[in-house]
Structure formats: C-alpha cells, structure tokens
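**Q** Sequence:
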Amino acid sequence: MKNVADQRYYLVREDVLTDAMQKTLDAKYLLQTGAVSSIWDAVKQVDLSRSAFYKYRDAVFPFHSIVQERILTVFLQLEDRKGTLARLLSTVTETHCNILTIHQTIPIQGRANVTLSLDVTAMDIELDDLIQQLKKLDFVESAEVISSGAL
Numbered sequence: 828m829k830n831v832a833d834q835r836y837y838l839v840r841e842d843v844l845t846d847a848m849q850k851t852l853d854a855k856y857l858l859q860t861g862a863v864s865s866i867w868d869a870v871k872q873v874d875l876s877r878s879a880f881y882k883y884r885d886a887v888f889p890f891h892s893i894v895q896e897r898i899l900t901v902f903l904q905l906e907d908r909k910g911t912l913a914r915l916l917s918t919v920t921e922t923h924c925n926i927l928t929i930h931q932t933i934p935i936q937g938r939a940n941v942t943l944s945l946d947v948t949a950m951d952i953e954l955d956d957l958i959q960q961l962k963k964l965d966f967v968e969s970a971e972v973i974s975s976g977a978l
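So the number in my numbering is just where the residue sits in the sequence shown, counting from 1, plus 827.
No lab work stands behind these hints: they were computed from the structure.
One or more hints might be untrue.
Pair ranges (Cβ atoms, derived) [what the hints assert, rightly or not]: (1) ASP955 <-> SER876: 42 to 52 Å; (2) ASP965 <-> GLN859: 44 to 54 Å; (3) ILE973 <-> TRP867: 13 to 23 Å; (4) SER864 <-> ASN940: 45 to 55 Å; (5) ASN925 <-> ASP842: 29 to 39 Å; (6) ASP842 <-> ARG914: 47 to 57 Å; (7) ARG835 <-> LYS882: 11 to 21 Å.
No farther apart than 20 Å at their CA atoms in a straight line, the calculated lysine to any residue pairs in the SDA-like style are these [to be verified]: (8) LYS871 <-> ARG897; (9) LYS909 <-> LYS962; (10) LYS855 <-> TYR883; (11) LYS963 <-> LEU912; (12) LYS962 <-> ASN940; (13) LYS963 <-> HIS923; (14) LYS855 <-> ALA879; (15) LYS882 <-> TRP867; (16) LYS871 <-> GLY861; (17) LYS962 <-> THR932; (18) LYS909 <-> SER969; (19) LYS909 <-> PRO934; (20) LYS882 <-> PHE902; (21) LYS963 <-> THR911; (22) LYS855 <-> ASP868; (23) LYS882 <-> ARG897; (24) LYS962 <-> PRO934; (25) LYS909 <-> GLU968; (26) LYS882 <-> THR911; (27) LYS962 <-> VAL941; (28) LYS963 <-> ALA879; (29) LYS909 <-> GLY861; (30) LYS871 <-> ASP853; (31) LYS962 <-> GLU921; (32) LYS871 <-> LEU852; (33) LYS882 <-> GLN849; (34) LYS962 <-> THR942; (35) LYS909 <-> HIS930; (36) LYS962 <-> PHE902; (37) LYS909 <-> ILE898; (38) LYS909 <-> HIS923.
Ideal placement from N, C-alpha and C gives every residue a C-beta, glycine not left out.
Model the full structure from these sequences, guided by the hints.
**A** Below, the structure is given as structure tokens:
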C-alpha cells in the first residue's frame, strides 16, 4: 500500500461508486449520527460485510466532510528581527485563520524558517491574497504553500 502522502485523490459521482463503497458511506453515516452504536450493527443494517467496510472506510468520504476541513501549510523564511513572529501571527489571525501549529527554526545568519499549519475554514480572503499579504511584510523573504487540503 502506498504512503498516504503519495496517494492521489479523485472526486467521483455517486452513480459510479461500487455498491460496497456506497454501503460503506451509508454505514459510516449511521455511526456518525449515532443511529447505531457499533460497526457490526451498521454493516448489518446496510447489508455489507465487515471486511468490505474495513477495506473502504478510510478510502471513501462524502464530499461535504472533506470540504469542511480546510488545512493549509505555509512555509516562510523570515529575517531575524524582534517581533517578527508576533507580527506574522497577527497578520494571519486578522484574516480569520486559526493557527493550528507553529514550527520555527533557530535563526542562522539572520534568517529563520517558520512553518504554519492553518485552519482556513473561516478565512475571509482568497488564498492568493493571504500569501501576497504575507509576502508584503518587510521581514518576509519568501512565503509559499507547501500543502493544502480541499482548497
């Protein structure tokens, strides 16, 4: 099996899903809503084998569940000056992004790398505009998106 990071994803219409995939989605819905309390009850109710459920449960998702979680990872190179991280984070939060993680390297030769993981579900500007705003900060030497989910 391929590493998850190496996987390719596709958006497909419901009518081309196999019967087992559709039933897996139905079973996952029953579990999520609390209509049933166990996988056994869910698969029994939708007439699906447990092995088919386990095969597809981490592979098929309703479109709305993926779109709801919008995670963005941004890599920045900053000049090492007092207050730069605070100004950077302030700029990000002004766009209504939720900062999930921050990783900053130790400054070397006056430069530090910062990686931010952001929940951009409530972001009130376009992604390109956010990156441009970050690049306009006088201490930001580079800013690039290194991964995004459902953007």
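**Q** Give a verdict on every hint.
**A** How the hints compare with the structure:
no.: 1; hint: ASP955 <-> SER876: 42 to 52 Å; verdict: holds (46 Å)
no.: 2; hint: ASP965 <-> GLN859: 44 to 54 Å; verdict: holds (47 Å)
no.: 3; hint: ILE973 <-> TRP867: 13 to 23 Å; verdict: violated (41 Å)
no.: 4; hint: SER864 <-> ASN940: 45 to 55 Å; verdict: holds (47 Å)
no.: 5; hint: ASN925 <-> ASP842: 29 to 39 Å; verdict: holds (36 Å)
no.: 6; hint: ASP842 <-> ARG914: 47 to 57 Å; verdict: holds (51 Å)
no.: 7; hint: ARG835 <-> LYS882: 11 to 21 Å; verdict: holds (18 Å)
no.: 8; hint: LYS871 <-> ARG897; verdict: violated (33 Å)
no.: 9; hint: LYS909 <-> LYS962; verdict: holds (18 Å)
no.: 10; hint: LYS855 <-> TYR883; verdict: holds (10 Å)
no.: 11; hint: LYS963 <-> LEU912; verdict: holds (14 Å)
no.: 12; hint: LYS962 <-> ASN940; verdict: holds (14 Å)
no.: 13; hint: LYS963 <-> HIS923; verdict: holds (18 Å)
no.: 14; hint: LYS855 <-> ALA879; verdict: holds (12 Å)
no.: 15; hint: LYS882 <-> TRP867; verdict: holds (14 Å)
no.: 16; hint: LYS871 <-> GLY861; verdict: holds (15 Å)
no.: 17; hint: LYS962 <-> THR932; verdict: holds (19 Å)
no.: 18; hint: LYS909 <-> SER969; verdict: holds (18 Å)
no.: 19; hint: LYS909 <-> PRO934; verdict: holds (12 Å)
no.: 20; hint: LYS882 <-> PHE902; verdict: violated (35 Å)
no.: 21; hint: LYS963 <-> THR911; verdict: holds (13 Å)
no.: 22; hint: LYS855 <-> ASP868; verdict: holds (11 Å)
no.: 23; hint: LYS882 <-> ARG897; verdict: violated (25 Å)
no.: 24; hint: LYS962 <-> PRO934; verdict: holds (19 Å)
no.: 25; hint: LYS909 <-> GLU968; verdict: holds (16 Å)
no.: 26; hint: LYS882 <-> THR911; verdict: violated (47 Å)
no.: 27; hint: LYS962 <-> VAL941; verdict: holds (13 Å)
no.: 28; hint: LYS963 <-> ALA879; verdict: violated (51 Å)
no.: 29; hint: LYS909 <-> GLY861; verdict: violated (51 Å)
no.: 30; hint: LYS871 <-> ASP853; verdict: holds (11 Å)
no.: 31; hint: LYS962 <-> GLU921; verdict: holds (15 Å)
no.: 32; hint: LYS871 <-> LEU852; verdict: holds (14 Å)
no.: 33; hint: LYS882 <-> GLN849; verdict: holds (13 Å)
no.: 34; hint: LYS962 <-> THR942; verdict: holds (14 Å)
no.: 35; hint: LYS909 <-> HIS930; verdict: holds (17 Å)
no.: 36; hint: LYS962 <-> PHE902; verdict: holds (11 Å)
no.: 37; hint: LYS909 <-> ILE898; verdict: violated (28 Å)
no.: 38; hint: LYS909 <-> HIS923; verdict: violated (24 Å)
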